[in-house]
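Asker: Chains as they are written, first to last, in our numbering: chain E, 614 to 951; chain P, 614 to 951; chain W, 614 to 951; chain F, 614 to 951.
The set of hints was computed from the structure by calculation and includes no laboratory data. Mixed in with the good hints, there may be bad ones.
No copy is singled out in the list; a pair is fine if it fits within one copy or between any two copies.
[Said to hold, decoys possible] Here are the simulated EDC-like pairs of lysine to aspartate or glutamate, each with C-alpha atoms no more than 16 Å apart in a straight line:
{"#": "1", "residue 1": "Lys627", "residue 2": "Asp732"}
{"#": "2", "residue 1": "Lys627", "residue 2": "Asp812"}
{"#": "3", "residue 1": "Lys808", "residue 2": "Glu782"}
{"#": "4", "residue 1": "Lys808", "residue 2": "Glu635"}
{"#": "5", "residue 1": "Lys661", "residue 2": "Asp674"}
Every value quoted in this text rests on a predicted model; they were computed, and no experiment measured them.
Here's the letter readout for the chains.
There are 4 protein chains.
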Amino acid sequence: MIALLSSSCSLADKANVVRQIEGAGFRVVVSDLGGQCRVGVVGQGAEKLVALLSDLPGVEDVRPMAAPYPLVSRECHPESTVIKIGKVRIGADRLAVIAGPCAVESREQIITAARYVRDCGGEMLRGGAFKPRTSPYSFQGLEKEGLVLLAEARAETGLPVVTEIVAAEDVDLIVEYADMLQIGARNMQNFRLLKAVGDQPRPVLLKRGLMATMEELLLAAEYIVAAGNPRVVLCERGIRSYEPATRNTLDVAAIPWLKARSHLPVIVDPSHACGVRELVQPLAMAGVAAGADGIIVETHPKPEEALSDREQALSPGDFAALMGQLAAVAAAMGRTCA
Amino acid sequence: MIALLSSSCSLADKANVVRQIEGAGFRVVVSDLGGQCRVGVVGQGAEKLVALLSDLPGVEDVRPMAAPYPLVSRECHPESTVIKIGKVRIGADRLAVIAGPCAVESREQIITAARYVRDCGGEMLRGGAFKPRTSPYSFQGLEKEGLVLLAEARAETGLPVVTEIVAAEDVDLIVEYADMLQIGARNMQNFRLLKAVGDQPRPVLLKRGLMATMEELLLAAEYIVAAGNPRVVLCERGIRSYEPATRNTLDVAAIPWLKARSHLPVIVDPSHACGVRELVQPLAMAGVAAGADGIIVETHPKPEEALSDREQALSPGDFAALMGQLAAVAAAMGRTCA
Amino acid sequence: MIALLSSSCSLADKANVVRQIEGAGFRVVVSDLGGQCRVGVVGQGAEKLVALLSDLPGVEDVRPMAAPYPLVSRECHPESTVIKIGKVRIGADRLAVIAGPCAVESREQIITAARYVRDCGGEMLRGGAFKPRTSPYSFQGLEKEGLVLLAEARAETGLPVVTEIVAAEDVDLIVEYADMLQIGARNMQNFRLLKAVGDQPRPVLLKRGLMATMEELLLAAEYIVAAGNPRVVLCERGIRSYEPATRNTLDVAAIPWLKARSHLPVIVDPSHACGVRELVQPLAMAGVAAGADGIIVETHPKPEEALSDREQALSPGDFAALMGQLAAVAAAMGRTCA
Amino acid sequence: MIALLSSSCSLADKANVVRQIEGAGFRVVVSDLGGQCRVGVVGQGAEKLVALLSDLPGVEDVRPMAAPYPLVSRECHPESTVIKIGKVRIGADRLAVIAGPCAVESREQIITAARYVRDCGGEMLRGGAFKPRTSPYSFQGLEKEGLVLLAEARAETGLPVVTEIVAAEDVDLIVEYADMLQIGARNMQNFRLLKAVGDQPRPVLLKRGLMATMEELLLAAEYIVAAGNPRVVLCERGIRSYEPATRNTLDVAAIPWLKARSHLPVIVDPSHACGVRELVQPLAMAGVAAGADGIIVETHPKPEEALSDREQALSPGDFAALMGQLAAVAAAMGRTCA
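With the hints as constraints, model all of the structure from the sequences given.
Answerer: Take a look at the structure:
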C-alpha cells in the first residue's frame, strides 16, 4: 500500500505518517522523487491501515501496491538505484564491466587476468573460490585460498572483486575478502542464503535462476532487501529451454522488463547464457542494446587450460576485442564504456 | 560431401567434375569464393562418390559436409547472400526494416500505415491477408481483398509487400500480388507448403517455429532451396518458454548462430517475440546489436482499434521513435538505417 | 452461450428455440443428457441473443459458455463421445489399441505387422504413407503405393487403418484408402488442413503439437468440428521440454485434463513421447492409468531395419508383452483390453 | 571403473583387490549379486588403476563405468535398494504412501491429518515446518514448533514423519524430531545442503528440481551418498514447462528411466506436479503404473483453510478415495497397497 502525501504536507505530518505505520508494526519505504512524496507500507495485512492513513493530515491518497515486491519495485521508489563499490558505479552512465575467470585456479592465473581486465577497461574482477558443481567429483574451487588470491589481485590492480557464496555459514569469511557477493543461479531460491546476504555489509549480485520467472527473481531480491541490504544488482544469465545448441537461452527481454519494474540495476552474463565462445560477444552487445547497466563475462589467460567453463571463456585477445565493440554500442545507448 | 578443386584446375576439368556428379544423380553446388573452388554434392548416398571424385583431374581433396543442410550452409557457399526485392537489399549494409499491421483491415488502414512506414524510412510493408488464428472464431483475414489492398498500398508508396501464405493452393494468387511470401511460425514444418514456395518466383521470409530448434529452421530453409528457390530470409521471432510475462522468449543468440552457419540473411521480429508494446523497441535494438540484417515489426495507425495483436502494435509515433533509436545502434554495427 | 430448457418445455417450444438461433445466423448444439436439455449457441456475437432467448417459452436460464471451444466442450455436450470405426469403438469400455510401423515400407512389412497386431488383440493398424520429415533428404514415405498396401493389410486382417495426411490436396486420395485420417503434431495448427479434414467423411486422429498448450489442442479440434466433422479423437504424444534424455516429455496430466473439459476421446502415443523402446511400455501403462481411451504405438516386424523411428519401435515380442501388461492396468481401470 | 572378479576368485584375492584400490586413495563399492562380484572404483583419476587391477589375481576384467554417478548407479550395484524407516519399506513390494499437509499449522490440524492418513492405510506422515516460500511475506512455517507437533503426531499414530530441511545449520534440530529429511525442488542443487544431509543418520527424500535433468538429479543423489549416507529416495514431482494450465508437468517417464539407471527407490509427488486437486488422483495412478515405489501426496483436514497449497490438497474424503483406487493399480503392478 502506498500513501501519497500532498504537496503542502508538513514535515511534522510526514513524520506522523511514518510513526503511525511503524507503530502498527509495518515497514516504511519513503520516496521524495519529483516533488511527490510516497510512503510505502510493507508487510502482510497492510491494507487494514487504509482508513487510518486516509484520515491523517497531509495524506492525499492511499492506494494498493500492485507488485508483490514493494521494496525493489519502482512503485514507491521510482528513481533508479546506483550501487557503489569503491569507485565503481553500477547503474550509472558508465557501463559496468565485470570480468575474470570462472574459478580462481592459481596466483599467476588470477593476477594475470586481473591485469588485462583492468588494462582493457574492466572495472571489477570476478572469480569463483567456492564453486557449485553438478557433480561431486568436479573441481569445487580453492575455497579460502581462492579468496586470498582474489584479495591479492585486488591489491595488485585496484579492481574490486566479486565472488560467489554458496552457504550462509561462509558469510563472515567471504565478507572479509570480497567487495561484492554473488548468489548463483542454482541458489536464487535458497531463501536462507538470501536472508544471510541480506544481513551483511557487502552489495549482492543476484543471478536469475535457470528455471526462475522474472517475478521470482524480483521476489528473491525482495528477500535480500527485506533482510536489511538494499544494495542488490540483478543479473540475467540465460534460462533453460528446449534448444540444444546453446547451454541456455538468453532472455534478453528480461533486461527492459526488470528495469521497468524495479529500481535496481540489471546486468547481463553473456557467457553462461550461451556456453560457447563464439556467441559471447553478440550476446553482450544485445544485452547492452537492450538497456543493461553492465556485463559480467568469463575470461581466462589460457582458456584451453581452464579447470571449468573452458568452452565459454574469452582469451585476453577476445576480451580486448569485446571491449572495443562494446564501446560503440554503449555510445549508441548514451553510455560510456572503459 | 565437398570436392575442393586445386588452384590449377582447368575449366574443362571443373566442368567434368560437375558432369560426373550430376551424371550420378546428385545435385551440385559450386562456390568460387576467395580463389578456392568448392563443389558440393547434395543428396542421399553422396559419400559413395568419394573414390570417383578423388581420382578426377583438378580435385585436390574430397571431404564430408558437416551440416545436414548443404544448400543453405556456408560450407560450400561461404559468402553471405543478399536477397534483392525491387530496390531493397536484405543482407546488405543497410538494415532492412519491414513494418506494417498484423492484418490488412481496410484500404484506409493499410495505406495510412504504408505512408508513415515509408516516411520514417521503412523499406517494405507487411500485412496479413490470410491469418492463421488459434481459434476458428477469430478474424481470419480479408483474404483476396487484403491482397488487393496491399497492392494498392505498394502502388501508392513504392514499398514492396510481404504477406503470409498458409496453404499451397494459394500460391498463384499470392504471387500475383505480393513481392515476398512469408511462412509463419506455425507452418515452419508444413513441408508441403515449404516445397510449394520453393517452386515459385518470389523470395520467402521463413519464420522460426515457436517450438523449433535452430537446426530445424535451417532444414526447413533447405526444403525451400532444394525445391528450387534460393531466395530465403530467416527470421527469429521468439520461442516458447516457461516465462509467463512475455508471449514468447526472443532467442537472440539464434541470430549470430544462424549467420555463422548459413549464408542466408537473418532478421528479427521483436513484436511477436514479446507480445507487449513496451518491449518491442529494446528487443529490436538487441536483435540489431546481435547482428540481424533487419527487423520486421508490427505497427498500426490506431493500435487500440486493431483486430489482432493489439497489445504489441506500435503507434505511428512509437514507430518513428524506434527508427530514430535503431539508427544509432545500426551505426554502431557499421550499418545504415533509413 | 447456453440456453437451459425447462423440464416442461414442449417439443414445439424447443424447435422454436433452435429456429430462432439459426435464424439469427448462429450454429446450434443440442444435448438432452440426464433430462436437462441444453441448447448451445456457437458463433461470434452470440451474447446479443440473451434477451431474445430469455423471453422464449420453455427457456429456464441463459448463461455464457466458459470455454472458447463450444463444440468440443462438455458444457453443452456433457456425455462422452464414442467414435465408431467399423467394429472399433474409441471412447468405449474396451481400450482401443492402434499399432503398426512408423512408415509403410513394403507389402511384406505391413502385412506381417498387421497380422501380429491383430493376433495380439490390436484393433487398428497404423502406418505412414506420407511422412513429414525434418530433413528434405530423409525418406518421405511410399505415398500412394503406401496407401494401397495399407488397404491390402486391412483386407488381409480386417483391421481398419489410420494414416497421416499432410496436405489438403491429398484428402480425396487418402479418404479412398484409409478408415481414419491422422493430423500429426507438426500440422496441429495447419488450419487449412484442419478445415479440409473437417469436410470429409472419415474420423480424425488429432495429435497435440509438440509445443501446443492443451487449450490450443481443443481449439484445433474445434476447427475440425466447426467445419462439419464431429468425429475427432485427441492424442497426447509428448511435448518438447528441456530434458535431453527423452525425445519428448509425456504430459500425462493432459489426459484427465482434456477428458474433463471435452467429450471427445483421448488416447496416448507412448512411442513418440519418449523415443526409446525401453520407456514405451511404462508410458503406455501410465497413460491408461491416467484414463486414456486407448493407445497408438509403433511396432515393426524388424525394428533394427526400420527406415524411420528405429529406436522407438517395439518388436513383435515387445508388443505382445505390452498387450499382456496393459490388460492388467486396463482391468484396474474398469476397462477391457484385447 | 569396475573390476569384475572371476567366479573362482578367493576371498583373500578379493580382499586384496579392495585393499589396493583403497590404498591408492579411491572409494570402493562392492556388489556380489547373481554370483558375479563387481568392485567399483570411485573417484577422479580411477582410470589410472586399470593396469594395476588387471594384473591382480582373481580379476577377470576391468572396464570403465559409463555413468558419472557411480554410487547411485546400477552398474556396480545392480540390486534395487530398499530404504527402511521403522516398519516402512520404500522400494519393496508394498507401495509406500506418504501423506499429510503442505505445512504443519496447528496441533489439531496435524494430529487429525495423521489419524486419517493412518486409518486409510498411509504409512508415513509429511508436513512442513520450515517452508521455502517464493515471497518473503508468505507464511514460512512454524519452524521448531512444527517439528514438535510432528513428533506428537508420530507418538499418537505411529507414523514416521518426513519434513523438509532448507539449511545445513538446521540438521541437528531436524534430526532430533524427524524420521526422514526432505530436500525440496528448489534446493536440489544446494550442494552444501546435500553434503550436510549426507553426513547425518536419517534417510533423505530428494526431490527433482523444477528444471533439473534426470542426470542432474542422480548427481545430486551422488553428492549425498558420497558424503556418507546411502539411504536416499528419489522423487519426481513435475518439471516446469510452457503449459500454463498446470503448475508443473509430471515427467512420468522419469520414473522408469531413473529406476533403470539407479538402484535407489523412486516415488512420485502428484500434488506439486499439477497443483490442482482434480488431477492428483490420475497422476498418482499414472506414477504407480509407470513403476513408482510410492507416492507423496498433500492432504489437509480442511483444504479450504490451508495456509499454503490450498488448491492441490486432498480432503480426507478425497484421500480415502485415492487409496481405494491406488490399490487396484498397485495390484495390477504386482504390488500391495494399504
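Asker: The structure should be examined with respect to each hint, and the outcome stated for every one.
Answerer: Verification of the hints:
1. Lys627 x Asp732: neither (49 Å within a copy, 52 Å between copies)
2. Lys627 x Asp812: Answer is neither: 28 Å inside a copy and 54 Å across each miss the 16 Å cutoff.
3. Lys808 x Glu782: Cα proximity of lysine 808 and glutamate 782: in one copy and across copies (12 Å, 14 Å).
4. Lys808 x Glu635: Neither way: lysine 808 and glutamate 635 sit 22 Å apart in one copy and 42 Å across, limit 16 Å.
5. Lys661 x Asp674: within (15 Å within a copy, 40 Å between copies)
Going down the numbered hints, you'll see the structure goes against 1, 2 and 4, while the others check out.
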